[in-house]
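Colleague: Taken in sequence, the protein lines are chains W and E.
Using our numbering, you'd call the opening residue of the first sequence number 1 and step up by one each time.
Using our numbering, you'd call the opening residue of the second sequence number 268 and step up by one each time.
Be a bit skeptical, because a hint or two may be false.
[Claimed, not checked] Incomplete in silico selection of chain W near chain E, CB under 8 Å: (1) Val-57; (2) Leu-77; (3) Asn-102; (4) Ile-105; (5) Tyr-107; (6) Val-180.
[As the list claims (entries may be wrong)] Calculated pairs, EDC-like style, for lysine to aspartate or glutamate (alpha carbon to alpha carbon, straight line, at most 20 Å): (7) E/Lys-276 - W/Glu-132; (8) E/Lys-498 - E/Asp-565; (9) W/Lys-184 - W/Glu-257; (10) W/Lys-65 - W/Asp-244; (11) E/Lys-607 - E/Glu-578; (12) E/Lys-613 - E/Glu-467; (13) W/Lys-65 - E/Glu-384; (14) E/Lys-276 - W/Glu-257; (15) W/Lys-65 - E/Glu-383.
[As the list claims (entries may be wrong)] Ranges between beta-carbon positions, derived for each pair: (16) W/Gln-240 - E/Ala-371: 36 to 44 Å; (17) W/Ala-143 - E/Phe-373: 47 to 55 Å; (18) W/Arg-199 - E/Asp-565: 41 to 49 Å; (19) E/Lys-276 - W/Arg-223: 32 to 40 Å; (20) W/Arg-142 - E/Leu-391: 49 to 57 Å; (21) E/Gly-293 - W/Ser-130: 33 to 41 Å.
These are computed hints drawn from the structure, not numbers from a lab.
Using N, Cα and C, we set each Cβ at its ideal position, and we do this for glycine too.
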Amino acid sequence: MTRISALFERLRSERPALVAYITAGDPSPERTPAIVAALERGGADLIELGVPFSDPVADGPVIQKASERALRAGTSLRSVLDIARQVRAQSEIPILLFTYLNPVIRYGMDELARDAEAAGVDGCLLTDLSVEEAEPFVAALRAAHLDTVFLAAPTSTPERRRLVARHSSGFIYLVSRTGVTGEKDSLSDAVAPLAAAMREVTGLPLAIGFGISRPEHVAAAGRLADGVVVGSAFVRLVEQHGADPSLEDRLEAFARELSSALPRRQP
Amino acid sequence: MAPLEELEKAYLEAREDRVFREELRGLLENYAGRPTPLYLARRLSESLGGASIYLKREDLLHTGAHKINNCLGQILLARRMGKRRIIAETGAGQHGVATATVCALFGLECVVYMGEEDMRRQRLNVFRMRLLGAKVVGVSAGSRTLKDAISEAMRDWVTNVNDTHYLLGSALGAHPYPMMVRDFQRVIGEEARRQMLEREGRLPDAIFACVGGGSNAIGIFHPFLEDRNVKLVGAEAGGRSLAPGEHAARFAGGAPGVLQGTYSYLLQDDNGQVLPTHSVSAGLDYAAIGPEHAWLHDVNRAEYVSVSDGEALDAARVLARMEGIIPALESAHGLAEALKRAPAGKGQIFLVNLSGRGDKDMDIYRQNIGDLDDAD
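Looking at chain W on its own, in the form it has when it is part of the complex (with noise of 0.2 Å):
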């Protein structure tokens, strides 16, 4: 069992996890395993490690920029696998690579996944890897004991979603609302409908994201599902104090002020 399960299945009866987007590599390479192990004191049960890339369509502004500071700092996929090997010589948090194709096509996707295990990473997102050609990205990740998370957005239709479920393991990301990353005033009402269909074709773990910043979104989003990410409100925490040394304090007083909104499971 991967640490991503071993999380889900431990919290099962609990809570939701609290799950943490960073832009490894902002404000720099050194800097991100002190984030890291901040927001995990601060209660963020999952890190999914963000891989800057140069022409990140998904994102919205807040990450498109982190990206270019981590990029300007020097951060390549390479140096983002060294980040995690530090986190994981102190700590047993589960970490998910969230990354664009590019990057991985160029690094080799055997390479990676044979390095990334090493590493101590436990799974892969590849953000614009749509699932019809997901079979020897998964395939090569699997085969180094990573678990493979594929998104499902509310405009994806009923075959989409089945292929989501066969190709995912670990957890299955619900993109909250159509639409770009990005903190948004209030939880999209589509999210709803969206993990019930899921809940159809899968017994995997679901968890929320996309738009999601404040503690009333994460007791929301944490009804609905069994994990809440959480991304943009922490990436603009370090824009605006990547430079101060309270930029750890900070995020995990944020990271604890979200997680003691997670709501409790009734015995």
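We have chain W already, so just place chain E on it with the hints.
Modeller: Chain E only, in chain W's frame:
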């Protein structure tokens, strides 16, 4: 993904629908100005003393370039799909102008994304789009050129997919776009093939076209794919030099990769990050090439060369002086390659896709050639 499936389904249905095809044909003829002439550039050919050079005059179309062919096709499709809002990306501004034009024609809302660097280079086209009623949104991310405008349009599309059609202007992006845009541009090659047979009683020996994303090139190449004796030559932007960041010659400096939903040749660094590009012509300034060109390259059906900024500027000046035709900088790249080969082509027929006219490029011509005195 779901939007792409919806689009593919709608397109495949429309393609088989006689009413759709007739409406498109009517607009291409009566609104855009098809068929475009096939013009024998006699003085130019004689001056080179080799091949006879024919120009396919897409530059004479309404809005000044081949882009209108695809825009008319897609706007009819968008209407069929019940979309009220049209978005597009633009590099040189030609596709943006053509999109703004068809939106005005059908009374649809139009938003065009354009890199801030391109807005600066192509100010006149920004104004044209606004005059036509479009909203032009500057993109300040990344390299502030076509690539970033496409990313921003894709973000808009996934956010507003219910009422919005993304009118992509080149043979790029995810399926079905490369196929659909090619189909709408095939009219160039179909016409040219017919016209050439009427005029010369035979097919050309070689066809030249510039390749940014590659829609004008695939449009003229495609009807000739089975004519194995017709050489197909695509001219990429060689820019200032073939050093990284100085050009947009994907076959010379790129490797297979994925950008914006397309697996094709891509200019990228060792870490898989997309490299910046340069070309004097904004329309060729893009890091990836349409996937069908990658295929034609790999199966050796088409040849791809790079043409430098300077060679394109020279070719444009030659055409202006010899034939009284000022080409778009993009089209001048394809022309330059034909001019290079023409002296050794005695008895041969060359066909150049003159995909656009040079009006939009006057500022750049002036900056690069300098202010001219009389008969300079």
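Colleague: Hint by hint, which ones does this structure get wrong, listed from lowest number up?
Modeller: Violated hint: only 14; rest satisfied.
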